[in-house]
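Asker: Sequence:
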Amino acid sequence: MIASRPDPSNTMPMDPRMFVLDARFDHGGAWAGVEQLVDAAWCDLRARGYDSLLQRHHYAFHMVLQRRRDRIPLAYASLTDMAVGSERTRNFPLDRAHRIVHALVDVMIAWRQLDERTTPWIVFVRGFDGAQTLARRFFAELARRGAADIAVVTDAGGLPTWLDDRDAALAGRAADALPGHDLDAAAAIWATHPRLMTDMALVERHHPALIALHREKGDALTVARLSLRALCLYNHFGYYHESGSFVDTVMPYFDTIVGDDRDARWNYVGNIFQGLVMIGRQAEAFAVLSQRAEPYLDRPDLRAKMHYVLAMYHLRYAVSTDVARAEWHLDAACTDIAAAQSTIDPADHLFFSVFIDNGIAFLRVRQGRADEAIALCGAGHARLTRALGDERHRLHRSVLQYNMAQVHAQLGQLDIALDYYRTAIDADPHYSEYYNESGNLLQRLERFDEALAMYALAETYSAPYPELFYNRGVCHAHREQWPAALASLDRALDLDPAQPDALLLRADILSALARTGEALQDIEAALRLAPGNASGRVNRAVLLFEGADFAGALSDMDAAIDLEPGVADHFDNRAAVLEALGEADRSRADRKIASALRLAA
Numbered sequence: 002m003i004a005s006r007p008d009p010s011n012t013m014p015m016d017p018r019m020f021v022l023d024a025r026f027d028h029g030g031a032w033a034g035v036e037q038l039v040d041a042a043w044c045d046l047r048a049r050g051y052d053s054l055l056q057r058h059h060y061a062f063h064m065v066l067q068r069r070r071d072r073i074p075l076a077y078a079s080l081t082d083m084a085v086g087s088e089r090t091r092n093f094p095l096d097r098a099h100r101i102v103h104a105l106v107d108v109m110i111a112w113r114q115l116d117e118r119t120t121p122w123i124v125f126v127r128g129f130d131g132a133q134t135l136a137r138r139f140f141a142e143l144a145r146r147g148a149a150d151i152a153v154v155t156d157a158g159g160l161p162t163w164l165d166d167r168d169a170a171l172a173g174r175a176a177d178a179l180p181g182h183d184l185d186a187a188a189a190i191w192a193t194h195p196r197l198m199t200d201m202a203l204v205e206r207h208h209p210a211l212i213a214l215h216r217e218k219g220d221a222l223t224v225a226r227l228s229l230r231a232l233c234l235y236n237h238f239g240y241y242h243e244s245g246s247f248v249d250t251v252m253p254y255f256d257t258i259v260g261d262d263r264d265a266r267w268n269y270v271g272n273i274f275q276g277l278v279m280i281g282r283q284a285e286a287f288a289v290l291s292q293r294a295e296p297y298l299d300r301p302d303l304r305a306k307m308h309y310v311l312a313m314y315h316l317r318y319a320v321s322t323d324v325a326r327a328e329w330h331l332d333a334a335c336t337d338i339a340a341a342q343s344t345i346d347p348a349d350h351l352f353f354s355v356f357i358d359n360g361i362a363f364l365r366v367r368q369g370r371a372d373e374a375i376a377l378c379g380a381g382h383a384r385l386t387r388a389l390g391d392e393r394h395r396l397h398r399s400v401l402q403y404n405m406a407q408v409h410a411q412l413g414q415l416d417i418a419l420d421y422y423r424t425a426i427d428a429d430p431h432y433s434e435y436y437n438e439s440g441n442l443l444q445r446l447e448r449f450d451e452a453l454a455m456y457a458l459a460e461t462y463s464a465p466y467p468e469l470f471y472n473r474g475v476c477h478a479h480r481e482q483w484p485a486a487l488a489s490l491d492r493a494l495d496l497d498p499a500q501p502d503a504l505l506l507r508a509d510i511l512s513a514l515a516r517t518g519e520a521l522q523d524i525e526a527a528l529r530l531a532p533g534n535a536s537g538r539v540n541r542a543v544l545l546f547e548g549a550d551f552a553g554a555l556s557d558m559d560a561a562i563d564l565e566p567g568v569a570d571h572f573d574n575r576a577a578v579l580e581a582l583g584e585a586d587r588s589r590a591d592r593k594i595a596s597a598l599r600l601a602a
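Position one of the sequence shown corresponds to residue 2 (my numbering), numbered consecutively onward.
Calculated directly from the structure, the hints in this document are not laboratory data.
Here are the simulated lysine to any residue pairs, SDA-like style, with alpha carbons at most 20 Å apart:
id, residue 1, residue 2
1, Lys218, Ile258
2, Lys218, His28
3, Lys218, Ala186
4, Lys218, Leu197
5, Lys593, Asp559
6, Lys218, His182
7, Lys593, Ala577
8, Lys593, Glu565
9, Lys593, Leu582
10, Lys593, Asp573
11, Lys593, Gly567
Using the sequences and the hints given, assemble the complete structure.
Answerer: What follows is the structure in structure tokens.
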């Protein structure tokens with residue numbers, strides 16, 4: 002059972018609002034159970050006129066409420082959201098789906114706060130053992146963040162242990178068998194939609210029931226075909242764990258499904274590879290490329306794409322980076338795309354050539370050849386724009402500007418980097434990361450008001466993510482805007498409590514505000530997460546010293562020196578503690594070491 006759990010010493014309220022949900026992935030897809038709950042929230046909030054709350058989280062509603070998606074248009078769609086086919090040259094990061102989870106939890110907490118009843122809501126999750134990663138993450142986060150007002154319980158491993166005779170209604174629901182699929186309805190859908198496999202909206206809505214239907218019939222090949230379409234669907238959405246869950250069902254029938262269609266083979270291999278590599282299944286991902294693509298792809302344009310992906314595998318995803326092997330594959334990609342020039346559309350040839358050059362630019366950065374990387378990205382952007390105009394491959398041209406911004410930032414050329422970020426933003430104005438990273442550069446330039454404006458836009462264009470609020474907290478701290486800094490750090494830590502740096506910064510602010518007890522709690526939480534954090538040891542030592550706990554301060558300074566024996570200030574700090582303890586000789590010895598370290602620096 003996942004937390005939260007009502008205090009068993011208290012009588013459970015007799016009239017809580019209760020939601021009984023079915024979280025089985027093979028019945029409801031990625032958001033099984035979650036969709037039921039969020040739909041109830043959306044309908045109620047809409048009926049009661051809470052339009053600003055609905056608009057604030059419209060992206061999450063759009064993604065999760067598939068049956069209402071046409072009524073919830075994306076107000077701030079990025080090019081990654083909109084691009085399809087060869088135009089889509091950037092996949093969603095893994096944490097984008099986690100941001101959706103955060104937004105949904107925000108919705109549930111806000112909805113609960115609109116209920117004047119003091120009794121907690123109960124969210125009872127049936128079939129939790131059959132839930133996939135995103136649904137499990139949502140219910141765990143709802144339990145953690147909504148613990149005061151929302152009790153989340155599951156039937157994992159049997160009935161929740163706190164249920165008893167006082168909770169007969171919930172216990173009765175827990176004892177009910179979970180329903181199976183309506184196979185007759187699934188058969189009717191299958192019969193009336195002959196092109197269902199190519200309609201991803203239908204695949205999204207019906208794949209659990211259709212897979213169950215054909216599994217019941219013993220038609221393993223059709224089960225594999227449907228599973229492959231679901232795999233591609235979830236990979237497109239960035240739900241990589243959900244995508245990867247279908248691989249074992251698909252692979253025994255993969256060659257039969259793709260037959261001699263080389264384009265289909267490469268498309269599906271790419272989807273399978275992406276879904277696996279993003280969730281840490283690198284060896285399987287590499288095996289799919291080497292066993293299901295390399296022996297079969299004989300067209301040079303497809304082999305060029307394959308070599309590019311293999312290069313990125315060795316540069317970005319492999320357990321051990323292999324720069325030489327990556328360079329070999331990029332050279333092979335260049336050879337193959339040159340050989341393909343007479344066989345593919347000239348515009349496609351130009352685009353793929355520029356795309357491969359972008360991979361070479363990434364390699365050059367790894368090799369410390371930043372100027373060459375910048376030149377490759379700039380030339381590629383100019384070639385695409387000159388030959389294809391401003392509308393085609395907008396996403397990739399934005400990415401090229403972004404890549405140049407990153408390289409200039411690494412070189413410390415922050416103003417130039419910001420110029421490239423502005424160009425990337427002009428092309429893709431709703432991509433939150435551009436604003437967040439621009440804000441970070443503006444902070445480094447001590448242009449704090451401009452940085453805060455960028456962070457505000459980053460928040461507008463994305464579901465919430467902790468890095469953004471941490472960065473904003475740092476910015477407010479630089480301005481000594483303590484309440485705003487604390488609010489941002491509180492938000493960051495609410496979204497992700499496992500952030501030692503955020504805890505230590507909040508502790509610094511609390512200490513400056515003479516809230517020593519709270520500061521110590523944050524430092525101790527940070528050190529539980531990162532026992533080897535020397536700054537945390539020093540900060541706690543200072544607070545303990547100020548509270549006359551000299552023994553505790555000495556212990557922390559000993560630990561800090563063990564972690565960072567070359568830092569002169571650590572020895573000075575320990576010398577002060579030793580002096581307070583009356584150990585004058587040891588104190589003088591530490592001050593001598595500190596002086597020697599400074600002279601040697």
